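K.L.:
Residue-level listing of the chains:
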Amino acid sequence: KDDNYHIKIDSEIRPGALTYGEFFIQGKTKEEVLISCHICHPSLCNDNLSGIIIATFIAGFLQTLKTRFSYRFLFIPGTIGSIAWLSRNENKLQNIKYGLVLTLLGDTSPFHYKKSRRGNAEIDKIMEFLLRNESNSQIREFSPYGYDERQFCSPGFNLPVGRFSRKPHGEFPEYHTSADNLDFVKPVSLGESFRLLLKVIMLIENNLKYINLNPKGEPQLGKRGLYRQIGGESRQKDYEMALLWILSFSDGDNSLLDIAIRSGIDFSVISDAAQKLQHSSLLSAC
Amino acid sequence: KDDNYHIKIDSEIRPGALTYGEFFIQGKTKEEVLISCHICHPSLCNDNLSGIIIATFIAGFLQTLKTRFSYRFLFIPGTIGSIAWLSRNENKLQNIKYGLVLTLLGDTSPFHYKKSRRGNAEIDKIMEFLLRNESNSQIREFSPYGYDERQFCSPGFNLPVGRFSRKPHGEFPEYHTSADNLDFVKPVSLGESFRLLLKVIMLIENNLKYINLNPKGEPQLGKRGLYRQIGGESRQKDYEMALLWILSFSDGDNSLLDIAIRSGIDFSVISDAAQKLQHSSLLSAC
Amino acid sequence: KDDNYHIKIDSEIRPGALTYGEFFIQGKTKEEVLISCHICHPSLCNDNLSGIIIATFIAGFLQTLKTRFSYRFLFIPGTIGSIAWLSRNENKLQNIKYGLVLTLLGDTSPFHYKKSRRGNAEIDKIMEFLLRNESNSQIREFSPYGYDERQFCSPGFNLPVGRFSRKPHGEFPEYHTSADNLDFVKPVSLGESFRLLLKVIMLIENNLKYINLNPKGEPQLGKRGLYRQIGGESRQKDYEMALLWILSFSDGDNSLLDIAIRSGIDFSVISDAAQKLQHSSLLSAC
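From first to last, the protein sequence lines stand for chains A, B and C.
First residue of the first sequence? That's 1 in our numbering, and the numbers climb one at a time after it.
First residue of the second sequence? That's 1001 in our numbering, and the numbers climb one at a time after it.
First residue of the third sequence? That's 2001 in our numbering, and the numbers climb one at a time after it.
The hints are simulated quantities; they were obtained by calculation from the structure and are not laboratory data.
Fair warning: this is a prediction, and the values are worked out from it, not measured in the lab.
Backbone N, C-alpha and C fix where the C-beta goes; we use that ideal spot for every residue, glycine too.
Just to be clear, a hint being listed does not mean it is correct.
If you want the footprint, here are the derived chain A segments under chain C, 3+ residues with CB under 8 Å [stated by the list, open to error]:
id : region
1  : 78 to 89
2  : 263 to 270
Chain C side only, calculated, beta carbon under 8 Å to chain B, not exhaustive [said to hold, decoys possible]:
id : residue
3  : I2083
4  : L2086
5  : R2118
6  : R2140
7  : P2144
8  : Q2151
9  : S2154
10 : P2155
11 : G2156
12 : F2157
13 : C2286
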């Protein structure tokens, strides 16, 4: 309650060491996806035990797969941790193609994504695409305040790193209080956050650009077994439209994500259709 | 009514020939305007006897004029016809500067224009400009489904060809039924469609870029007989504003269409004013 | 009242001279700000004694300062005056970096700004930024009608000159009548117009681009005395956010105005913060 309190802060400044965790999964290419979470107050459950848990489970899941990209997970104290890591790893930064800071992923509010400083990085486009199907989700422009995206996006690095959370810091009453505890974090919320990140990774892994190998007029899809034999409504309508969209826009400029955005068709349908077209020698990866 | 029907399809596959109609009007330049319509089911009145009729009347009308552009009319069976024509005429495709697929032009619904795959071709700009004055008209983005724009716009050709129709295919109950007959198509609708295409052609023919030959400060228009001698409201206000807009924006970058869009003045007034300025040696065609 | 009147216009055409006023304030650089007003009917109080008065007071005020830019004031008869001045000073035009035509600044209607023909000149960006905080203010696109912006923006010159007024010409009943008199013009309106122009000049003078000299991660602001020592709400919150915004976006591409627009923080706070950062050797002017 409102009253006057005496607070004793018993601290000292002395030489010490900074500890952080780093976990790397080697993919087929040296291009990297960076996943970072702050570990400096894990006793607060949403901020940021939730981010730590999600990052850990994503890492565990990816270990079981063969991935195209390499994945690097950072478990670091906020601000000083990211600055220390950046300072020690400048030579690796050019490999980072996508990045996310994970935080506040266990409460029940809708998803928020804060764009990278670039504002038009591929990760920004991916998150905008995926969140437009998530009810009440919000996209925010970059601002130089918040979590470790401040450091990853500082102008000397300007990495393509955004921030994925639910309700942003400071915008809920439990923030930085003892009420940010196990009751505030819900398993179903953690599960949804995990599920959305799997979609992000699926999209990153499969977001290739292709070239239509038969670009002058439409190829006959029926005789290649790609198209239904009779007309009418059909559950595979999205799939067949996906074939046409991919053939029309696979000119080397448009990624599968670009085609999904333009067509409004689910990315997984687009991705499946692209593989079918590739098997029929109608499409070639750039 | 809803019931079970037995349908006998008596067809065979054997060697044959494909027939299509092509009509060419030579203009002053070899640059071409392509007008295409599908003839594969002319017994359906709106889809597509209406397109065939409009194309035929436009061709007849243009024969009586001396045009700047050449005009090519195709009367082809859908899909296979356009693919066949494209395959036999690849060397001519570079001459095509504007193109329209004509279909469904006789019913009473508002005009629809579907943009070319490029999305920003001159024909797209022209149709957007002209349809913004047509009540309830709609502009749609390109999609790889529909009529022969699918072939003309396939990525290996990517021609500046859009589609002009009234209610699009599949969006009215008479579509592909015996109810698409002479009662469904109205003379006044055909007339309006014809009239709008004349505006398109007038705009294509007159959409030049000019250079202001007196670009430093405004020239005195009154002493050149281009401007009213006394002030006040006047029916020729649009015309006089057109003179000023043309002089201000004729820097070699802006076409008369660009100036009409920017000023909101009717294209025919802009075009007339440009000719007056040219006669007074204030303007020169690029 | 409505009736028939006989009007005798007693005029003659004979050789004469055109008189205009020009006042120049030398700044540190030869880059110029042009302020122009028409003097051809000063008996009409709003159109344009108001513009003449405001320009005169701005000139008087600037004389007392050391400015970065040079300032040139023109007091000219409309149309013929600006054409005459432009014709005699073509060699100076390249120095003009910003310009405003001042007119109709004494009535009580909201501010209007008409953009330069370029539409994206720095002066356009500045006026849009400042007027978005002025209630009911309006921004209009360039049109080749109005006051001397017609000449300054004619395509052969295309100078970055916009027009600043309150209610535009012809849009109020007192326009060009004897009712445009001292009663129609209000001191408080003149004062507000003057105040807004001071903001424009303050912004022009201070709108530099900087480079963050410590761009890899955020510098520690507290130990440099730039940041509050304890957390919590604070009146200097805007100032501290300004420090972060400037450090984040001072990459040589963004001006302080760009940063003010992006952050939503008042330009004067941004400008003060930039000076503090410069004194701490964290920032260098480009």
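K.L.:
Now tell me if each hint is right for this structure.
P.N.:
Against the structure, the hints come out as follows:
no., hint, result
1, 78 to 89, "holds (count 5)"
2, 263 to 270, "violated (count 0)"
3, I2083, "holds, 4 Å"
4, L2086, "holds, 6 Å"
5, R2118, "violated, 11 Å"
6, R2140, "violated, 13 Å"
7, P2144, "holds, 4 Å"
8, Q2151, "holds, 5 Å"
9, S2154, "holds, 5 Å"
10, P2155, "holds, 4 Å"
11, G2156, "holds, 3 Å"
12, F2157, "holds, 6 Å"
13, C2286, "violated, 30 Å"
Of the numbered hints stated above, those contradicted by the structure are hints 2, 5, 6 and 13, listed in ascending order.
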